[in-house]
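Each chain is listed here by its residues.
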Amino acid sequence: MENNIIPILMPKWGLTMEEGQVNEWLVKEGEKISVGDEIIEVETDKITGAVEAVDAGILRRCIAESESIYPVKSLLGVLADSSVLDSDIETFIESYEIPFSGEEDAEGSGAKYLYTEVDGLRVRYTDRGSDDSVVLLVHGFGGDLDNWLFNFDALADKHRVLALDLPGHGESGKTILEPSISGLAKFVGKFLEAVDVPSANIVGHSMGGAIAMQMVTEHPESVDSLGLICSSGLGPEINNDYLQGFVDAQTRRELKPVLQQLFADESLVNRKLVDDVLKYKRLDGVDEVLRTLSAMLLSASQTKLSDKVVASRKPTLVIWGEQDRIIPVSHARNISTSAGSPVEVEIFDSAGHLVQMERANDVNRRLLEFLG
Amino acid sequence: MARTISFKEAINEALDQEMTRDKSVIVMGEDSIGGTGSPGEDDAWGGPMGVTKGLYGKHGNQIMDTPLSESAYIGAAIGAAACGMRPVAELMFVDFMGVCFDQIYNQAAKFKYMFGGKAETPVVIRTMVGAGINAAAQHSQMLTAIFTHIPGLKVVCPSNPYDAKGLLIQSIRDNDPVIFCEHKSLYGVEGEVSEESYVIPFAEANVMRDGGDVTIVAYGMMVGKAMNAAETLAKEGVECDVIDLRTLSPIDMETVLESVENTGRLVVVDEANPRCSIATDVSAHVAQQAFKSLKAQIEMVTAPHTPVPFASTLEDIYIPSNDSVAKAVRKTL
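Sequence order for the protein chains is A and B. Positions 0 to 371 (numbering that gives the first Met the number 0) are the ones given, in order, by the first sequence. Positions 0 to 332 (numbering that gives the first Met the number 0) are the ones given, in order, by the second sequence.
In short, the hints are calculated from the structure, not lab data. Treat the hints loosely; a few may be bogus.
Said to hold, decoys possible - Listed below are the simulated DMTMM-like cross-link pairs for lysine to aspartate or glutamate, each with C-alpha atoms no more than 25 Å apart in a straight line:
| # | chain 1 | residue 1 | chain 2 | residue 2 |
| --- | --- | --- | --- | --- |
| 1 | A | K280 | B | D173 |
| 2 | A | K11 | A | E368 |
| 3 | A | K271 | B | E260 |
| 4 | A | K280 | B | E189 |
Said to hold, decoys possible - Label-pair ranges, simulated between beta-carbon atoms:
| # | chain 1 | residue 1 | chain 2 | residue 2 | range |
| --- | --- | --- | --- | --- | --- |
| 5 | B | D322 | A | E177 | 58 to 66 Å |
| 6 | A | G119 | B | C82 | 35 to 43 Å |
| 7 | B | M0 | A | S349 | 29 to 37 Å |
| 8 | A | G29 | B | K234 | 29 to 37 Å |
| 9 | B | D322 | A | K27 | 35 to 43 Å |
| 10 | B | K109 | A | R252 | 28 to 36 Å |
| 11 | A | E253 | B | K109 | 31 to 39 Å |
| 12 | A | G284 | B | K57 | 19 to 27 Å |
| 13 | B | T231 | A | N238 | 40 to 48 Å |
| 14 | B | M113 | A | E253 | 29 to 37 Å |
| 15 | B | H304 | A | G284 | 45 to 53 Å |
| 16 | B | I316 | A | S86 | 52 to 60 Å |
Backbone N, C-alpha and C fix where the C-beta goes; we use that ideal spot for every residue, glycine too.
With these hints in hand, go ahead and build the complete structure from the sequences.
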């Protein structure tokens, strides 16, 4: 009968997550659950998220206790339909063992950071899943590939997913040879060559979106489609105070309110998140990179890239958070999606600029639907 | 790339990277090379604890062994700093400060003030502090408060590898004399440290744990004890804020006051002797500036007012323990 028993496991969000804290169950024991329902809220040292049901059934057992910490892949609960005997569920729970995490990660394709060199600069990236269809995730200003920690696993089920740290970001080298959207687009193109990927579906967030659009100009042959998430380059407005605040913040006290602007729910900004960004900002070379890039972004925001995208006829999905305080949602609303347009637009409520974190499950679903 | 390295390796890496970045950064001390000093001695000791091991091979012109005379080489380092170098001098044990103290407190600390701000003394004095390895009364003291008392000196005492690297790089780049206190019991402690160079600014306490019931303030090796106590207490339903001061001069009292204003309860943990210490200093500040927030008496957990005993059983009792911190917290409830 075990086939009908569906375990609910502690997820692994991002490459470094080893354990998570269960905040609360969002459904009660005995309740009926449909695919996509949010079942349980989990907090990691980076952020809080909800685990979704991948199958339908009745929540037969809540094993995890609120406020308790469990390793990745721990059994948190059990889904099954009403025909499954209680005794079978008990047997399943008793015999469940956390799979040895080394197994699937041992190969190069597993969940770890990889490094390559582009233009003499070290580039950190991750490469997961395997498929002819490749998705490349490009983060935004001041971010890194972990901005996609809720996304790469979900996308890697169906596609090969690459995500990189742009120059000056994350753990890539801390210089930018050509600090312009065009320079960065060329760099991303060279990265794709370095990892031997002829073309990819490019999904960019914020500044990464502008880079993705620019790639249509720089390397049209390497772009299969575009995913633009709260992208810059679609309109003139960009929150100058945020950019300046991010660059200038030297302490936790200064940085926290800046980072809170990224989310609709400000409580998502915990101490660890602020600490991680602060640690990044304190690396040698980062301050200069951020100052150069923010100045570039403010002048580049005048340039509208969307016309080129429409003209290129590349399939394009634009995703936005309704409460985006960095780049206004009006940029998404202004895009023409009339019949025959290659552009689709999806706006999510209760989400800010980091919509791919705040509404991760919905963004993943929409991206997968778009990518086909 | 962040990887796990020891406290000792973090300090070595900071020195290595700063010597590479800036040729005016020089390392000097008794046994800093630690071999005979002859060419080819790349694998020399690198100090009694091996902290500077390997640096001679990479930076042979920027590292020197000095005669066994603290008054001479600490003075030389301070003089070199006044003349444009950035020396990192190693005072093997802080307990030996007596013989070179004039150079430190009456010369280095005063230059900027006595020469109308025209002289700068960017010297770092790295020194081993604290008890716990059975090194007896003359090699185990926690003399942080003596340096903290002197205006013109900056005093740093990291608790973990990440902080050790960032604070040491900041110390080297700082234009004032810095006393960098390394707890000898922490050298083997491991933690995640970025391969790249980075700084941690002075006067930024690190909130290690958010609790809300009681504030525990500590520095150096005592941070680990405070964290252990906080974990024990959490099981009893008492949630502690744990604050690592990181630098003692300048000191981040704002973070301490902010926490105490919320919790109303303060326990200060200091491995030093109890009189005129960091513990009494922090307590006095809080009593004066956040008196109305306090719901209980301030508790101090310190060593007793005795020299550090040699007998290991006595030394164990001498050093504040996880239990003594937890007990002090319970007294405030």
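Comparing the hints with the structure gives:
1. For the given pair, K280 of chain A sits about 19 Å from D173 of chain B by alpha-carbon distance, which is consistent with the 25 Å threshold.
2. Restraint check for K11 of chain A and E368 of chain A: satisfied, since their Cα atoms lie roughly 23 Å apart, inside the 25 Å limit.
3. Pair hint K271 of chain A plus E260 of chain B holds up; C-alpha atoms about 22 Å apart against a cutoff of 25 Å.
4. For the hint pairing K280 of chain A with E189 of chain B, the CA-to-CA distance comes to about 23 Å; that is within 25 Å, so the pair holds.
5. At about 59 Å, the CB distance of D322 of chain B to E177 of chain A agrees with the hint of 58 to 66 Å.
6. For the pair G119 of chain A and C82 of chain B, the beta carbons lie near 37 Å from each other, so the given range of 35 to 43 Å is met.
7. For M0 of chain B paired with S349 of chain A, a C-beta distance near 36 Å keeps the hint of 29 to 37 Å intact.
8. Take G29 of chain A and K234 of chain B: their Cβ atoms lie about 32 Å apart, and the range 29 to 37 Å holds.
9. Checked against the hint of 35 to 43 Å, the C-beta distance between D322 of chain B and K27 of chain A comes to roughly 42 Å, which is consistent with it.
10. Evaluation of the 28 to 36 Å hint for K109 of chain B and R252 of chain A yields a pass: the beta carbon distance comes to about 33 Å.
11. A beta carbon spacing of about 34 Å between E253 of chain A and K109 of chain B agrees with the range 31 to 39 Å that was offered as a hint.
12. At roughly 21 Å, the beta carbons of G284 of chain A and K57 of chain B sit within the given window of 19 to 27 Å.
13. The hinted window of 40 to 48 Å between T231 of chain B and N238 of chain A holds, with their beta carbons roughly 45 Å apart.
14. Checked against the given bound of 29 to 37 Å, the beta carbons of M113 of chain B and E253 of chain A, roughly 35 Å apart, stay inside it.
15. The hinted window of 45 to 53 Å between H304 of chain B and G284 of chain A holds, with their beta carbons roughly 48 Å apart.
16. The beta-carbon spacing between I316 of chain B and S86 of chain A, approximately 56 Å, falls within the hinted interval of 52 to 60 Å.
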